[in-house]
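A.B. asks: Here is how the chains run, residue by residue.
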Amino acid sequence: MTNKTPKTTNDIKKRSKLVELGIRMWKEKPLGTVGVVITLILLLVAIFAPLLAPYGMNDVHSLNALQSPSTQFLFGTDNLGRDILSRVIFGARISVIVGLMATLISTVISTFLGILSAYIGGTFDLILQRFIDAELSIPNLLLLMVIISMIGPGLWQVIFCLGISNGIGNTRMIRSLVIGIKENMYINSAIALGAPTRKIIFQHILPNIMAPIIILFSMTVPWMILNEAGLSFLGFGIPPPQPSWGGMLSGSARKYMLLDPWMALWPGLALSITVYAVNMLGDALRDLLDPRLRGGVGRYGGKVKKKDQVKNKPAAAEGSISTD
Amino acid sequence: MQAYIIRRLLLTIPTVFFVSLIIFFVIRLVPGSIIDKMEAEFGAGYGVTKIDIAGIKHELGLDVPIYVQYGHWLDRIVLHSDLGNSLWKGTPVIDDIKQRWPVTFELGILALIVTQIIAIPLGVFSALRQDTWGDYIGRSFAILCIAVPSFWLATLVIVYPSIWWGYMPPIRLIPFSVDPVGNLKMFIVPAIVLGMSGAGSNMRLMRTMMLEVLRQDYIRTAWAKGLKERVVVTRHALKNSLIPVITMIGYQLPVLVGGAVIIENIFDLPGMGRLLTDATTSRDYPIVTGVVLIISVVLVFINLIIDLSYGFLDPRIHYK
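From first to last, the protein sequence lines are chains A and B. Last residue of the first sequence: 325 in my numbering, with the numbers rising by one and none dropped. Last residue of the second sequence: 317 in my numbering, with the numbers rising by one and none dropped.
Hints should not be assumed to be uniformly reliable.
Under 7 Å between C-beta atoms, here's a sample of chain B residues computed to sit facing chain A [what the hints assert, rightly or not]:
no.: 1; residue: Ile19
no.: 2; residue: Pro146
no.: 3; residue: Phe148
no.: 4; residue: Val156
no.: 5; residue: Ile160
no.: 6; residue: Gly255
no.: 7; residue: Ser293
no.: 8; residue: Val297
No lab work stands behind these hints, which were simulated from the structure alone. Remember, predicted model here, so these are calculated numbers, not experimental data. Ideal placement from N, C-alpha and C gives every residue a C-beta, glycine not left out.
Using the sequences and the hints given, assemble the complete structure.
C.D. replies: Structure (structure tokens):
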């Protein structure tokens, strides 16, 4: 019983924090809210793809190939007579899986290596950082192309390759965060008290870099989605007939785009809207979670001020005088 | 300053070493032997027999332990500037690269110029009008640049103008030395498409840096002196906010090269990116290793030059 009580209060606290974050997002970052809504729609589309898609993703209607949008095929059909809308809907699934899974792998790697590099320091850090320098100098797309051409294209290959290569690069950011925290007094006192390294890392360092990790996560998801599309476009990503948004724009489809320009439009539009929305979400999240970015006309400026002025004029007037 | 330059130069050595190590071992150690793949895919058509396989193994130096292979490989590159021969054509890889690099170089330079032409004025504009409609539009445009992938933009540029106006991008490469105008005409559309993708993040950085500088005391002094807006912005603020933008160029170059690979494929430009995708598809690994190695080492040195140039660009920076 005694173990259970703090756990539940903790849960309530966590949920209220999330709700509070949502309310702040709604009030202060309208564009971020739009991002959240589109991202949620994307997630729902990905989860319920089989229910939403009017046809199967690889159903061939050969008599209706290269059709323009109509009531029967809302987005038209491609060169093989497959319904483009259905393929775009199933494509969302691939983008969501790659975006989330690859980012998860990347975040775990960069957090692990970043903390290790900063905490151990010394020669280990020096050598690891040169290795990361080298990895960052090799253009990611080139390296991924070469690796995937060796191990063969496929969903999980793409996820692991994207996750690992991006994770190594992102290590830099986590490392610099940990170096900043490592010098704090509470870490020194924990060491002085004889706390084991594992405890220091998990109880003192990790909670303090959680917000930047969440921000990094949200910034990495669109990168992953774009790179998966780029790789699939070049033929080194998700192999056809799987409907990846990047892959739908490449290969044999390109020959028919002049006959049916709608084919060139939809997958790219879906991709751009997705990346745009997730970026907006990430930006808003960064502004809300990073206290250093609240300066200038942020939390206390702009709209908040105007609202206060309407509600209780004298107090707001005083405030504005003192800030000017 | 001298000590810093020497230290920075020394740090470049392990980086280049790791670059060569990564490229070498990625190709050798990733599951799936090159020979098996070649045999499986091209074996029948190209008449590869057992003897040929042994020959290719020897040609690639695959018949000795892996660390010996690495040693041989490095020795050939460093001492003889020999990247090996193409598996299919038998010609030296370095010749292919020599022939192809100007295209990628020109595309990259033009794209960088396009990026900065869009990013710097827009970033300054957005910063000066922080949190107004102008700023919102500028920032939305920046995220649009990031969100629209270059391969889609390029596809649209190829598909729609040709349907609407019958426009076709030129197909055969016109060398700059033969017809500079025709050459630029050919490169400008791919360069704009490629440059747009970098413009978004650059514009955002420019805006942030400008905002930071505009809050400094010396800018207030400049305003208080009664200087014109143009002078304050260009001479006092812009100059000081450009340094992180230059760093950003260094970081973005690998992305730019990745984008160039895609753009060269779409617009059929015979550059190094095209060479690489063709070689990867036909599993011509000496070319693949050669191209990736050359590009990466060049990027290491460009970043070195950028790092060293700060001392000259910003008198406040003194290296110890």
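A.B. asks: Take the shortest C-beta to C-beta distance between Phe148 (chain B) and chain A; is it under 7 Å?
C.D. replies: OK, holds: Phe148 (chain B) within 7 Å of chain A, min 5 Å.
A.B. asks: With 7 Å as the cut and Cβ atoms as the points, is Ile160 (chain B) at the interface with chain A?
C.D. replies: 6 Å, holds
A.B. asks: Given Val297 (chain B) as an interface hint, is the shortest Cβ-Cβ distance to chain A below 7 Å?
C.D. replies: Since chain A brings a Cβ to about 5 Å from Val297 (chain B), closer than 7 Å, the hint holds.
A.B. asks: With a cut-off of 7 Å, does the beta carbon of Ile19 (chain B) approach a beta carbon of chain A closely enough for the hint to hold?
C.D. replies: 6 Å, holds
A.B. asks: So, Ser293 (chain B) near chain A? Judge it on the closest CB pair being under 7 Å.
C.D. replies: 4 Å, holds
A.B. asks: Does Val156 (chain B) hold up as a contact with chain A if the rule is Cβ-Cβ below 7 Å?
C.D. replies: Constraint on Val156 (chain B) satisfied, holds at 5 Å.
A.B. asks: Given Gly255 (chain B) as an interface hint, is the shortest Cβ-Cβ distance to chain A below 7 Å?
C.D. replies: With a minimum Cβ separation of about 3 Å from chain A (threshold 7 Å), the hint on Gly255 (chain B) holds.
A.B. asks: Is the interface hint satisfied for Pro146 (chain B)? The criterion is a beta-carbon contact with chain A at less than 7 Å.
C.D. replies: 5 Å, holds
Going through the hint list in order, the structure satisfies each hint without exception.
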